[in-house]
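One-letter residues, chain by chain:
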Amino acid sequence: MNASMLYGMCGSALVGIGLYGLIVNPQPLRKILSFNLIGSGVFLLFGVIARRGAALGMGGDPVPQALVITGIVVAFSATALAVALLLRLQEASGSATLSSPEPADPPDA
Amino acid sequence: MSLLLDLWTIVAVSAGVFFFLAGTVGLLRFPDTLTRLHALTKADNLGLGLVVLGLLPRVSSPLAGLKLVCVWLLVMLAGAIGSQLIARVARRSGPPA
Amino acid sequence: MNMPLLVDGSLVVLILAVAIWTIAVRDSFAAVVGYAIYGLMLALAWVRLAAIDAALTEAAIGGGLTGVLLIRAAVRLRPTESVVAVETPGRFVKALAAVLAGTVSAALAVVVLSFPVPAPTLAPQVAGHIASTGLGNAVTAVLLAFRATDTLLEAVVLVFALIAVWSLAPDRLWGGRPGPRYHLEANGMLAYLARLLPPLGIIVAIYVFWVGADLPGGKFQAGTLLAAMWLLAIMAGLTDAPPVSRGWLRVALVTGSVVFLAIGFAGVPLAGAFLAYPAGYGKPLILVIEAASMLSIAVTLALLVLGPPERSAQQ
Numbered sequence: 046m047n048a049s050m051l052y053g054m055c056g057s058a059l060v061g062i063g064l065y066g067l068i069v070n071p072q073p074l075r076k077i078l079s080f081n082l083i084g085s086g087v088f089l090l091f092g093v094i095a096r097r098g099a100a101l102g103m104g105g106d107p108v109p110q111a112l113v114i115t116g117i118v119v120a121f122s123a124t125a126l127a128v129a130l131l132l133r134l135q136e137a138s139g140s141a142t143l144s145s146p147e148p149a150d151p152p153d154a
Numbered sequence: 534m535s536l537l538l539d540l541w542t543i544v545a546v547s548a549g550v551f552f553f554l555a556g557t558v559g560l561l562r563f564p565d566t567l568t569r570l571h572a573l574t575k576a577d578n579l580g581l582g583l584v585v586l587g588l589l590p591r592v593s594s595p596l597a598g599l600k601l602v603c604v605w606l607l608v609m610l611a612g613a614i615g616s617q618l619i620a621r622v623a624r625r626s627g628p629p630a
Numbered sequence: 073m074n075m076p077l078l079v080d081g082s083l084v085v086l087i088l089a090v091a092i093w094t095i096a097v098r099d100s101f102a103a104v105v106g107y108a109i110y111g112l113m114l115a116l117a118w119v120r121l122a123a124i125d126a127a128l129t130e131a132a133i134g135g136g137l138t139g140v141l142l143i144r145a146a147v148r149l150r151p152t153e154s155v156v157a158v159e160t161p162g163r164f165v166k167a168l169a170a171v172l173a174g175t176v177s178a179a180l181a182v183v184v185l186s187f188p189v190p191a192p193t194l195a196p197q198v199a200g201h202i203a204s205t206g207l208g209n210a211v212t213a214v215l216l217a218f219r220a221t222d223t224l225l226e227a228v229v230l231v232f233a234l235i236a237v238w239s240l241a242p243d244r245l246w247g248g249r250p251g252p253r254y255h256l257e258a259n260g261m262l263a264y265l266a267r268l269l270p271p272l273g274i275i276v277a278i279y280v281f282w283v284g285a286d287l288p289g290g291k292f293q294a295g296t297l298l299a300a301m302w303l304l305a306i307m308a309g310l311t312d313a314p315p316v317s318r319g320w321l322r323v324a325l326v327t328g329s330v331v332f333l334a335i336g337f338a339g340v341p342l343a344g345a346f347l348a349y350p351a352g353y354g355k356p357l358i359l360v361i362e363a364a365s366m367l368s369i370a371v372t373l374a375l376l377v378l379g380p381p382e383r384s385a386q387q
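Protein chains in written order, with this note's numbering: chain P, 46 to 154; chain Y, 534 to 630; chain A, 73 to 387.
Errors might be hidden in some of the hints.
Unchecked claim - Now the in silico label distances, taken between C-beta atoms and shown as ranges:
1) 565/Y / 257/A: 21 to 29 Å
2) 546/Y / 151/A: 27 to 35 Å
3) 606/Y / 170/A: 24 to 32 Å
4) 607/Y / 225/A: 54 to 62 Å
5) 167/A / 562/Y: 34 to 42 Å
6) 546/Y / 158/A: 48 to 56 Å
7) 568/Y / 171/A: 29 to 37 Å
Stated by the list, open to error - Where chain A lies over chain P, by a calculated footprint (3+ residues, C-beta under 8 Å):
8) 60–68
9) 84–93
10) 100–110
If you are wondering where the hints come from, they were derived from the structure by calculation, not from laboratory data.
Beta carbons are placed, not taken as given, at the ideal position from N, Cα and C, and that holds for glycine.
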């Protein structure tokens, strides 16, 4: 197994770890963290594909690398939006839980 | 000559790694925040400084060597400022439970 | 033992250990710090994969800016942590989740192991046409010449994300200042850092932008550095976040996309297609687009971290 395959295994494992964290952690902030783990695992797989395409003096195929750079920036903006939604949810309803409120207590708007 | 430079790199980087190890052991074993900060600054200053000194003979141009030294100075600056801020919060919140 | 493989193996073990710790630790603040560390280790992995531009971007945005964003959120959400923690699923759901996660990982690992040999690559096409753009860095050439439409759409997506974040403010605070008012301690450590670092950060950012044409670098990394310097000044109290209704702020946000679109549409009569560059004018036009985008990216990223308006514009 050479280095790229090793990082490919790492990326696959990261997607699995992130998926487990997404399902098991009840706090929404932890779910956002796990989602970022899944995303970075997928980007690492892109990196492995880029590295395997090394040719003509370039260290790696530049097209997947450019896609990854775009992806990292867009993933950050999605995280920022998710965090803003979460903070607004906490402000509006008093607690940052994703489960629906009990029928006896209507949530404050 | 190049054998001497290689030897210098090995010795300096190994010494730097030793200080990193010492800082990490201090972080894990010391009892409270202030003593742990004290241990970490050893890793910042001496550890990284020795690693940078060890790498200086191998740079491809004087500008790259200058960049390495700048990295060391910036890490020390960040470490110093961060330690001060953390220490102030630790002192304000009193001894840990 | 193969030395480079040992280095890669140790790095992979470290990355997975920090990732598992981030998922499993009880305190959310510790998990956020773990994620920032994970981002920096991932940047090292990118260097080992010979993708230096991606390493710079991951270290700056993945480790740095995302860390700042999540730390601010974790501190605010601390009172609700214990309340939500009781909703942790039971052992049966955890076992099912582990099985699902393991299956997905195994499937991806099988895909990775069955990658075609020899690997398909677009590097020869890029190398064949890069001379016409006048750039030396293949990744910058792909971002701004061969797949420029993707980069244009991404610039627009960033602005949309910011508008979505702003729309979360209560109606009475629309157009106000984002974030709390940070108290300035004139002789304090943070103010000292905020006076010392931004000039250096701006020089490094301009260097990273300029050198991105031929060496790893570019506008995303430079824009992130500028955003970080501005955020440092705001968080030390040296300057206040501007109200989001300010004209110059909104102009700065859209400048990048507008310049990109204008040059794109100008390419239709001058060079035959949208976002085609006339021969010989490739590099100057690309630098103009990059400069305008760098400014917009810096302002957008900083405002995304600060969040929706929380104070009225007069405060």
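Which of the listed hints are not met by the structure? 2, 3, 4 and 7
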